[in-house]
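S.K.: Residue numbers (our numbering), protein chains in the order written: chain A, 34 to 221; chain B, 2 to 257.
Hints listed in this document are in silico derivations from the structure and should not be mistaken for laboratory results.
Watch out, some of these pointers could steer you wrong.
To be verified - The calculated label-pair distances, taken between Cβ atoms and stated as ranges, are:
#, chain 1, residue 1, chain 2, residue 2, range
1, B, D175, A, P135, 23 to 29 Å
2, B, S238, A, A136, 39 to 45 Å
3, B, G123, A, E169, 48 to 54 Å
4, B, D202, A, D79, 43 to 49 Å
5, B, A220, A, A129, 28 to 34 Å
6, B, T174, A, H43, 33 to 39 Å
7, B, K125, A, D79, 33 to 39 Å
Backbone N, C-alpha and C fix where the C-beta goes; we use that ideal spot for every residue, glycine too.
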Amino acid sequence: MKLPSGRLVHSRVVDDPGAALAAALDRELTGYAVLEPQETLLLAADARGVLTLTDGVPVLTYHTETDRGGPPALADLAVPGPYRLELVALPADVLADLHDTPALRVPPGMPAQRLAGDPDLAARTRNNAPDSRVRESPASGSDSGEPAQQSAVEAFLENEGKIEAIREQAREEARERAAEWGLDEVCE
Amino acid sequence: MVEAFAVASGKGGTGKTTSTLALGMALAEEYDVTVIDADTGMANLLFHAGLSSVDTTLHDVLVEGGAPVEAAVYDRFGMSVVPCGTSLAGFEAAEPERLRDVVATLAVDTDVILLDSPATLGSKSAVLPIVLADRVVVVLQPTIPALSDGLKVQEYAHSYGTETAGTIFNKVTDPDDVQSVAEKSRRYFDGPTLATVPDSDAARKARRAGEPLLAHAPAAAAAEAYRGAARDLDVRSGAADDVADRFRSAVIPEQR
Ligand SMILES: Nc1ncnc2c1ncn2[C@@H]1O[C@H](COP(=O)(O)OP(=O)(O)OP(=O)(O)O)[C@@H](O)[C@H]1O
Ligand SMILES: [Mg+2]
Numbered sequence: 034m035k036l037p038s039g040r041l042v043h044s045r046v047v048d049d050p051g052a053a054l055a056a057a058l059d060r061e062l063t064g065y066a067v068l069e070p071q072e073t074l075l076l077a078a079d080a081r082g083v084l085t086l087t088d089g090v091p092v093l094t095y096h097t098e099t100d101r102g103g104p105p106a107l108a109d110l111a112v113p114g115p116y117r118l119e120l121v122a123l124p125a126d127v128l129a130d131l132h133d134t135p136a137l138r139v140p141p142g143m144p145a146q147r148l149a150g151d152p153d154l155a156a157r158t159r160n161n162a163p164d165s166r167v168r169e170s171p172a173s174g175s176d177s178g179e180p181a182q183q184s185a186v187e188a189f190l191e192n193e194g195k196i197e198a199i200r201e202q203a204r205e206e207a208r209e210r211a212a213e214w215g216l217d218e219v220c221e
Numbered sequence: 002m003v004e005a006f007a008v009a010s011g012k013g014g015t016g017k018t019t020s021t022l023a024l025g026m027a028l029a030e031e032y033d034v035t036v037i038d039a040d041t042g043m044a045n046l047l048f049h050a051g052l053s054s055v056d057t058t059l060h061d062v063l064v065e066g067g068a069p070v071e072a073a074v075y076d077r078f079g080m081s082v083v084p085c086g087t088s089l090a091g092f093e094a095a096e097p098e099r100l101r102d103v104v105a106t107l108a109v110d111t112d113v114i115l116l117d118s119p120a121t122l123g124s125k126s127a128v129l130p131i132v133l134a135d136r137v138v139v140v141l142q143p144t145i146p147a148l149s150d151g152l153k154v155q156e157y158a159h160s161y162g163t164e165t166a167g168t169i170f171n172k173v174t175d176p177d178d179v180q181s182v183a184e185k186s187r188r189y190f191d192g193p194t195l196a197t198v199p200d201s202d203a204a205r206k207a208r209r210a211g212e213p214l215l216a217h218a219p220a221a222a223a224a225e226a227y228r229g230a231a232r233d234l235d236v237r238s239g240a241a242d243d244v245a246d247r248f249r250s251a252v253i254p255e256q257r
């Protein structure tokens, strides 16, 4: 997916994708959000997730490492934070051309549901979406309901490389923090 | 003889407190059970157990020259329950390290200790329950964020020499679908899937009534699922002697 450069309106580190989605929604951003995991470890250094948004509501998703779009890209994006988040504003007409890519589309509430596991945020997002999009199903047509949520979870569990990366990162963090908190030398 | 379990998930709202009390009540059929709210920064077990107006809580014990542990132990629902206060001042005054002594003291006189653990791994007080426990029960939901945080908790636990006793899938909306998720996740999580607990109005109502699920709605499917989890949990009886020492000296292994 080729993205026009646009105007950077917000850049900071967030703990999880839910915070990123909420930031975009609260601003009613028209443009795109780039999520870059801070600790990539086994992931490619340039692994990024991209979400385009209209009025803060997600329209397309894409993942740079796996080159997948739509719901599968959400599964690819689901790695532990923190992330560097960049919100970029674009004129609506520039975005409209981009949005004519059915294979990359996701229903409005799906990112909040899958990335953040946050039904309230998903509902808030759907409330902001035009009626025409609320019942939109993704390109595959088979990936919109609850079974699809499961299949995304299963796809996540089948990605052994990513799971190993999550575990490796957690082990590393656990060791570092133990030292920091003096937990490795208490007592005895 | 005692075994201490941390009930943990890494993610908020997965049902750790609900599970701690439900598992505790189910285990209390067979064992002498002590439940401790080790979520000292965001305590809420007291609200689940009808203890929100008690005078002495874990916060009062975790300070220098504070109350004796026994003063914060309440006999409720067939268990010994140690609630924690909810004030920020109480949390700030509390010295996390003192939890060791609390666990060590209570361990002498009980069979099973359940530590309701915080929804974060970001501070010493947050990881201490996992450090102190013999094993961790990981509470999951069949969602990507919950599984990913559950994996993190397990890695922290293993890094700190604490094994996995098993997993509980909570708030399950589709029992058929969760089976394949549970099967796939077994590759990564040690121990059995102890239960898949349905998303249940009874659980929400129990919380509102200030009662553990098994007291409020013992016949609910969710309650039965927790009784199944208790049956599948193989409680290991540690040596009766040096129990206290074990917890007082729990340290993180050098390298694993
Ligand atoms: N199986 C269930 N079905 C429906 N609701 C549930 C279920 N289990 C727990 N809940 C509800 O979900 C909410 C969170 O549960 P609980 O307090 O046990 O989670 P927790 O993991 O301890 O949360 P925290 O991270 O805030 O400590 C409560 O309102 C509880 O009643
Ligand atoms: Mg809790």
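S.K.: Evaluate each hint against the coordinates.
M.R.: Against the structure, the hints:
Between D175 of chain B and P135 of chain A the beta carbon distance is about 28 Å. The supplied range of 23 to 29 Å therefore holds. In this structure the hint that S238 of chain B and A136 of chain A lie 39 to 45 Å apart at CB is violated, the actual value being about 58 Å. Separated by about 37 Å at the C-beta atoms, G123 of chain B and E169 of chain A break the suggested range of 48 to 54 Å. In this structure the supplied range 43 to 49 Å holds for D202 of chain B paired with D79 of chain A, their Cβ-Cβ distance being about 46 Å.
For the hinted restraint 28 to 34 Å between A220 of chain B and A129 of chain A, the CB-CB distance of approximately 56 Å leaves it violated. T174 of chain B and H43 of chain A have their C-beta atoms about 34 Å apart, which keeps the hinted 33 to 39 Å range intact. Between K125 of chain B and D79 of chain A the CB atoms are about 35 Å apart, so this pair conforms to the stated range of 33 to 39 Å.
Consistency with the previously given hints fails for numbers 2, 3 and 5, ordered from lowest to highest.
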